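If you read the sequences in order, they're chains A and B. Residue numbering for the first sequence follows our numbering, beginning at 1 and increasing consecutively. Residue numbering for the second sequence follows our numbering, beginning at 116 and increasing consecutively.
No lab work stands behind these hints: they were computed from the structure. Check before you lean on any hint, since a few could be wrong.
As the list claims (entries may be wrong) - List time: in silico EDC-like cross-link candidates among lysine to aspartate or glutamate, alpha-carbon distance up to 16 Å:
hint	chain 1	residue 1	chain 2	residue 2
1	A	41	B	174
2	A	110	A	5
3	A	68	A	30
4	A	3	B	174
5	A	107	A	5
6	A	114	A	15
7	A	56	A	66
8	A	110	B	174
9	A	107	A	38
10	A	107	B	153
11	A	110	A	66
12	A	41	A	82
What the hints assert, rightly or not - With the Cβ distance kept under 10 Å, some of the chain A side facing chain B (calculated, not the full set):
hint	residue
13	6
14	7
15	40
16	84
17	88
18	89
19	105
Note that the coordinates shown come from a computational prediction; the quantities given were computed from them, not determined experimentally. Positions of the beta carbon are idealized from the N, C-alpha and C atoms, including for glycine.
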Amino acid sequence: ELKVEQNPLFLSMQEGKNYTIYCNYSTTSDRLYWYRQDPGKSLESLFVLLSNGAVKQEGRLMASLDTKARLSTLHITAAVHDLSATYFCAVRPMNYGGSQGNLIFGKGTKLSVKP
Amino acid sequence: NAGVTQTPKFQVLKTGQSMTLQCAQDMNHEYMSWYRQDPGMGLRLIHYSVGAGITDQGEVPNGYNVSRSTTEDFPLRLLSAAPSQTSVYFCASSYLTSGGRTQYFGPGTRLTVL
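Next up, chain B with everything else stripped away, as it sits in the complex (with noise of 0.2 Å):
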């Protein structure tokens, strides 16, 4: 299993522009969510899905979307960035309904906006 993974790694965009976050799990989990990650704070949730087709508003989901076509992909679209998403971005995904069955997380795409 390659468990979570996020591309790219590493972004830098320009004010404006739009782009795509890519985030892929092999484990079959039903929820997946993004968070981003700002010095000195804890991750703040943007958005998450419960299942293929199902996405829903997480704590700061302003200027992103996402879409859910597949059990394994959860893009996460900036529409036009703005220095203010400067941030790492982190995928997570794990079982919907379980007994203590933990979140996984990718390995983050730091993203630069200018």
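Isolated chain A (complex conformation) (with noise of 0.2 Å):
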């Protein structure tokens, strides 16, 4: 079965602090997403990260791929209030639903950042 899996799903943490969200996934990817979703609002996409040990950072977000853990991260360094929203990871899955678009989706996690 398709996994993908973020951890946490909730996170609540204070501005200035440094956290880190997970997204595991069980299948073989030459492809991982992270999109942010604001409340009632669409998707909307941070970075794609397309080889194993690539790194992405745009602000105060870094994300990072081991394709060989099946693991990235999302790195927030020096939260501020600006990015309370929900994170998404998404998955391209090799060999899966015969298309090179098809994306699974991990549950998000909704970022909380308290002044």
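Fit chain to chain and form the complex, with the hints in mind.
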């Protein structure tokens, strides 16, 4: 069974602190995505990670990928209130559904950054 | 570019009614898909299309039909609405073969079935 598991599902943190969201997946994949969703809004693409050891950074967010461990992390540095949102990872499984576009999503991590 | 557009934004149906959720994109993307999002869940793939005239089922296709007569449009039809189909529906599109290009999501349609 294809599974994408995010940990934690809920995260409350104070401004200025650091934290990491984990995304484990159960299938071979050649592509991993991170999305952000604000309440009542659509999904906004944050990162696409294509290869083992890939690291991408945008502002206070940094994503990495370890394909051997089937693990991606989203690290938050010095959190600010504006980062409050739900973060999803999604995996494109190889040999799944006959399409290169199909994604399997995690359940999301709801992040709340408090002053 | 308008990107991915969806209509309507909100819809309330009675059990047994049918309707079509509209999705259009102006980016000339080959790949389009429909997802549903339920509380506490990630997105689950309903149907997808890799080009005009080609569609296939995703993870949760039952109760839904799709067609793709043009590159731009990918409507989702609910044949006989059920309360279990109450959800938020997202349409997405992307280039099919690409090194790392992401999917673009529409704003969503919030559907309630009574």
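Tested hints:
Of the pairs offered as hints, the one joining residue 41(A) and residue 174(B) is violated, with about 23 Å between alpha carbons and a cut-off of 16 Å exceeded. Straight-line distance between C-alpha atoms of residue 110(A) and residue 5(A) comes to about 14 Å, which keeps the hinted pair within the 16 Å bound. Using a Cα cut-off of 16 Å, the hinted pair residue 68(A) and residue 30(A) holds, with the two alpha carbons roughly 11 Å apart. A threshold of 16 Å between alpha carbons decides the hint, and for residue 3(A) with residue 174(B) the separation of about 12 Å falls inside it, so the pair holds.
For a cut-off of 16 Å, the pair hint linking residue 107(A) to residue 5(A) stands: about 7 Å separates their Cα positions. For the suggested pair residue 114(A) and residue 15(A), the alpha carbons sit about 6 Å apart, so the restraint of at most 16 Å is met. About 13 Å separates the Cα atoms of residue 56(A) and residue 66(A), which keeps this hinted pair within 16 Å; it holds. Simply put, residue 110(A) and residue 174(B) have alpha-carbon atoms about 24 Å apart, too far for the 16 Å limit, and the pair is violated.
Simply put, residue 107(A) and residue 38(A) have alpha-carbon atoms about 15 Å apart, close enough for the 16 Å limit, and the pair holds. Our distance criterion of 16 Å between C-alpha atoms is met by residue 107(A) and residue 153(B), whose separation comes to about 10 Å. The suggested pairing of residue 110(A) with residue 66(A) is violated, with an alpha-carbon distance near 23 Å, which exceeds 16 Å. At roughly 15 Å between alpha-carbon atoms, residue 41(A) and residue 82(A) fall within 16 Å of each other, so this suggested pair holds.
For the restraint placing residue 6(A) at the interface with chain B, the shortest Cβ-Cβ distance is roughly 8 Å, inside the 10 Å limit, so the hint holds. For residue 7(A), the interface hint is violated, since its Cβ never comes within 10 Å of a Cβ in chain B; the closest pair sits about 13 Å apart. A least Cβ separation of about 8 Å between residue 40(A) and chain B falls short of the 10 Å threshold, and the interface hint therefore holds. Look at residue 84(A): its Cβ only gets to about 18 Å from chain B, farther than 10 Å, so that hint breaks.
Given the 10 Å rule on beta carbons, the hint for residue 88(A) holds: about 6 Å separates it from the nearest Cβ of chain B. Using the Cβ-Cβ criterion of 10 Å, the hint placing residue 89(A) at the interface with chain B is satisfied: the shortest such distance is roughly 9 Å. Using the Cβ-Cβ criterion of 10 Å, the hint placing residue 105(A) at the interface with chain B is satisfied: the shortest such distance is roughly 3 Å.
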